[in-house]
Structure formats: C-alpha cells, structure tokens
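Asker: Chains as they are written, first to last, in the working numbering: chain B, 1 to 154; chain A, 1 to 154.
Some hints here could point you the wrong way.
Simulated crosslink set (DMTMM-like; lysine to aspartate or glutamate; CA at most 25 angstroms straight-line) [said to hold, decoys possible]:
1. K23(B) <-> E22(A)
2. K119(A) <-> E81(B)
3. K23(A) <-> D90(B)
Hints in this document: simulated from the structure, not taken from any laboratory.
Okay, here's what each chain looks like letter by letter:
Protein chains: 2
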Amino acid sequence: MEWLDVDTELCPVQRTLDVVGEKWTFLILRDAANGVRRFDEFRRHLGVSEAVLSTRLRKLLDSGILRTETYQEPGARTRLEYRLTRKGWDLWPVLIALRQWGDTYAGEEPGPVLDLRHKDCGGEVRVAVECADGHGELGPREVSARPGPGARAR
Amino acid sequence: MEWLDVDTELCPVQRTLDVVGEKWTFLILRDAANGVRRFDEFRRHLGVSEAVLSTRLRKLLDSGILRTETYQEPGARTRLEYRLTRKGWDLWPVLIALRQWGDTYAGEEPGPVLDLRHKDCGGEVRVAVECADGHGELGPREVSARPGPGARAR
C-alpha cells in the first residue's frame, strides 16, 4: 500500500490536529506551559475574545489536556484555574518544535523572545528527531516511512 | 518582566503558526513529507476543496516552505509539482511531534498508520526535547523559561 492509498482518518497527525490544530489552541497551550492559569490572563495576553477562549478551553478540558482547579481571592467568589495535565504536557515537544522553527526562520534581532535553558547547565534547549534505539539524531533521509499495521486503504 | 507582560507578536511559536498554524496546511506538509507532489494527489488524498488547497499551497510557496518543479506526462501539458524546501523540511520535527502525541493518545489498535523506522537499524523514530550541550533528554521541569533579549513589554 502506498501512502496515497492510506485512509488518513486514522493518521495520528490528523487526530492530534483534530484536537489542537488551531492557532488559538496552540497559543493557549503555550501560555499554559508558561504558567498562565486564569481566564482573564489568557484573554488579555492572547488578545482573544471571551467566546473563542471559552470554546477552546472547553475543548481542551473535554480532551483531558487541561484540568481545572479552584482558587479564591480574598473577598471574591471562587473561580477556576486551568492547568496542563500530563496529557497536555506531552504536547510540550510540539511547542518546542514550533518555537525552534520560528527562531530559525522568523526570528528578530536582538534574539529570542523567550529564553529556554537547561536549569542544570544553562545550555540551550532544542528538539531533535532521534532513533529510539540510541543511534542519535535522525534527518528525514535516514528514516523509512511505510504504512504500518493500522493503515487501512481508502 | 513576566511572561504575561511580554508582547507575543514576536513570539516564534506565534510567528510559526502565522505561517503553518492551520490544519490543512499541516496536512499538506505531512503529505509532502510522505512524497505527495501533485495538486490532484493532494486534493484527493486530503479530501480538500480546490480553492482551499490552492490558497494553502500559494501561502506555502510564498513562505518558501514549498517550491515548484515542472513535470510533463506524455501527451499532456506541463504541470507543477510541489516539493518541500530545506525550510519546509525543517518543519519535520513538528510533524513527528504531532504524530508522537497522536500515537500515544489517539492511537488505534492494531498499531500505527505510518511506521517510521531508522533505516540503518530498524529502530523506532521519536522526538525529544534535549539540552544542546549534550546532557540528554529534558522534561519541562528541567528547563527554565525567561523572557529573552528579544522580549518587548506589551
């Protein structure tokens, strides 16, 4: 079976994009990974409408990517905070990969907007495609792509 | 400066999403990385309208992510093929990261739709966030994130 004959409904890239494949959703995840937790903070920082933000947060909650926790400011009523779940944090490599491309191709002097560093050594943080058997970083030419056991014909 | 005070217009994640942050665009890139090159092949495989596909391809060409090459079938007029540029292939880690999450959280029995393997050893292919100074794979807790030299206040 060739790639063109494979039914893409089951493609994991497509399924991931069905959940998070929308610009505001990625930006909510970016902000959540950077410690933003409250509805009004997301709204102001992203410059997104309340309606769009509510819809996107709802979808992320329903997908188990965000969870809520309650908080209460003195004298105010109880409100919700939004936090990444484990499933949500597992999207972190996607964010780092998007960032890396942007830093390379859409970067501005005088340098990165957000400085990511390995806490222990201060080294820069990067994303790499690699061999799970420990043979280091791989480029597209070193990888074979064939329809797998889950591939169905269109 | 806190993250909430940073002007996100210059954020590399945001800038990358300005170019590719749309589901059809990602799927075009996925298909291009899997060897799809011709307009009609993209259209049929993705199930996308001609109008949407044309717009997305135009944007990817204008951004230097795809380039065209001419081809000619016997007896037919000259047509265009679409191929990833180096800049386009540098989005490959984003695709692998999306795929990895989908395989983990939206996978189906009996296994992956597309089987990616290190050609040399047959090992599985994965994406990892790592320290550029060689200290191996990093998780979010091992990384510090601070506004960088390019950060501007909102």
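Asker: Which earlier hints turn out false for this structure, listed by number in ascending order?
Answerer: 2
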